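Asks: Line order of the protein sequences matches chains W and D. Letter 242 of the first sequence, counting from 1, is numbered 224 in this note's numbering, and no numbers are missing. This note's numbering runs 42 ahead of the 1-based position in the second sequence.
Be a bit skeptical, because a hint or two may be false.
[To be verified] Under the rule of at most 25 Å between Cα atoms (straight-line distance), these lysine-lysine pairs were calculated in the DSS-like manner:
1) 250/D / 131/D
2) 182/W / 220/W
3) 250/D / 220/W
4) 193/W / 205/W
5) 250/D / 179/W
6) 179/W / 220/W
Quick caveat, the hints were computed from the structure, so don't treat them as lab data. Computed from a predicted model, the values in this text were never measured in an experiment.
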Amino acid sequence: MRSIFPVISVLLVIVGLWWVAVAPMNVRPALDMAERSGAEVIPEGPVARRDVSVWRLMLDNSDYVAVGYALDRPRLPTPTQVGQELWKTTGAMVMKGRAWSKRSLIYHGWITLQSTLWGFLLGTSLGIIGAVAIVYSRTAQLSLLPWAIISQTIPIVAIAPMIIVLSSQVGVEGRGLPKAIISAYLCYFPVLVGMVKGLKAPETSQLDLLKTYDATGVQSFLKLRLPASLPFLFTSLKVGIAAALVGTIVGELPTGAISGLGARILIGDQFGTPLAIWSALFTAAVLAGLLVTLIDLIQRLSLRRMGGQA
Amino acid sequence: MSALLIAIVFWVAAWGANIWLSNSRWSETIPVRIAVPVLFGVTLLVLWEGTVRSLGVSPVILPPPSMVGATFAASLEVLWIDFVQTVVKGAFRGFAIGAAAAFICAVLIDRSAFLTRGLLPIGNFFAALPIVGIAPIMVNWFGFDWQSKAAVVVVMVFFPILVNTVEGLRASDTLQRDLMRTYAASYGHTLLKLRLPAAMPFIFNGLKVATTLALIGAIVAEYFGSPTRGMGFRISTGVGSLSIDLVWAEIAVAAMVGTSIFGLMAWIERRVTFWHPSHRNR
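The whole structure should be built from the sequences, with the hints applied where relevant.
Replies: Below, the structure written as structure tokens:
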């Protein structure tokens, strides 16, 4: 709790720097606009201004710097502009009862969240199954583990368009499944590594004790290895869900999707509406924060019930 | 059907061989540790080839590995141009700038307990965000050429390296720092002789995560506009023009680049952190 004050002040500084940066970033389009509406700008014409540094432009035309804070299509929007856009596409739409309209970020966030959760489910199960196989079979350990590491060094985005082409050819309708596969690909690895560590966490003496109780393999798995691995599992689940969200958004970005936060970014780029990109990015950030916090909460609750110190 | 049959026979045989090898008394030797995963990978390729051939899958959907290999060999020149554009110009430069900036920031932040407490949670949060989404913004700011790709890579690699370095700098314990004080070591001395070496395992963790991110960033940024070369450009146009074999060849390049950079990082790490418990007895 004692870090709340430093965190807030650092955040304030970041927002302040952002606010200040808007002026130099937007001064050129702002001057172009001022000139078109008949104002005197030094030097005249966008071509002549291209060779002048932004600082010089801001000094010479200090009256029009403010224009840069209210552009429709800014190169860098102000924090307030982003906030307003966010409110317009979320809260305001809920008030009007149109939360599920195609223009609402709640709708697009929900589409992204669905794929993320499916991918998370798929990736987590794959990771846990793989970890169990690796812990119990030496063959699996020798043959799977190196490939699991190699798979993470392959940039998945290179394969993302392929997965979508493949699944549409095979006859899978919609983009839900391919996006889920991509996010599962990104999220299984942390779970796998964490679970291998966790399942191997019990000491030999503990395993031996279970042997003296004549416990079967299944029993020692359920009563010792699995509970011992839970703290490791939750830590990697937090990494995994963030990775799953990245995977879904990457799956939506390059592939011409029409719904989902990644698609909003893509469409914002194609139609030249930076505010749409920025608000989609912030929604994705909020979503990531919520998901990680949720897992953190479940972790605290379940570890406390198990008698651990959470 | 015969191709599929051969593939399945090969699969079963390889599986048996792997089980035998990994349970044999040579299972700890280096040749076996390399042979088993290689056999596993080859089996996957053989299964892929056999399935695609026997089921008559159109090469437009999924080309067999042999065809990808032939395309790879035939278009080395194109692949090299794309490699230079995406990896050498975009990813490497971005990675170098981002890593250096993150490292310097981390050392500066570390001097103030206030900043460390404030920035660490924020950095952790940013490291978990889908930062690739800024790619269109960067292309808008820095133009189509490699500068915008490098910019995306800088932002993507910055936070993981920053967070790991800051955490690493706090890794040396009080006892060790007190010892440095009794030697009357200055801040710079303590940093160079004790805290940076102690931070190295953490820093390399961050660097290894960042290598993959750098490639992802450089490739995704090309989907939003690039000169008519580059791996991301070739993949997105290849999918559109149904030259899927070339796309798979690019994927193979990406896989090789990713794996070898990661391997290089791991190798440097072992040289630098030879003292760490996880590298002893090797």
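Asks: Holds or violated: residue 179/W and residue 220/W, Cα atoms, limit 25 Å.
Replies: This hinted pair holds, its Cα atoms lying about 16 Å apart.
Asks: Hinted pair, alpha-carbon criterion (25 Å max): residue 250/D, residue 179/W. Please report holds or violated.
Replies: Roughly 19 Å between the alpha carbons, so the hint for residue 250/D and residue 179/W holds.
Asks: Given the hint that residue 250/D pairs with residue 220/W, does the C-alpha gap stay at or below 25 Å?
Replies: It holds: about 19 Å lies between the C-alpha atoms, which stays within 25 Å.
Asks: Compare the distance between the alpha carbons of residue 182/W and residue 220/W with 25 Å, and conclude whether the hinted pair is satisfied.
Replies: holds, 20 Å
Asks: Taking 25 Å as the top limit, are the C-alpha atoms of residue 193/W and residue 205/W close enough?
Replies: Within the cut-off at roughly 12 Å; holds.
Asks: For residue 250/D and residue 131/D, compute the direct alpha-carbon distance and say whether it is at most 25 Å.
Replies: holds, 19 Å
Consistency note: the structure conflicts with none of the earlier hints.
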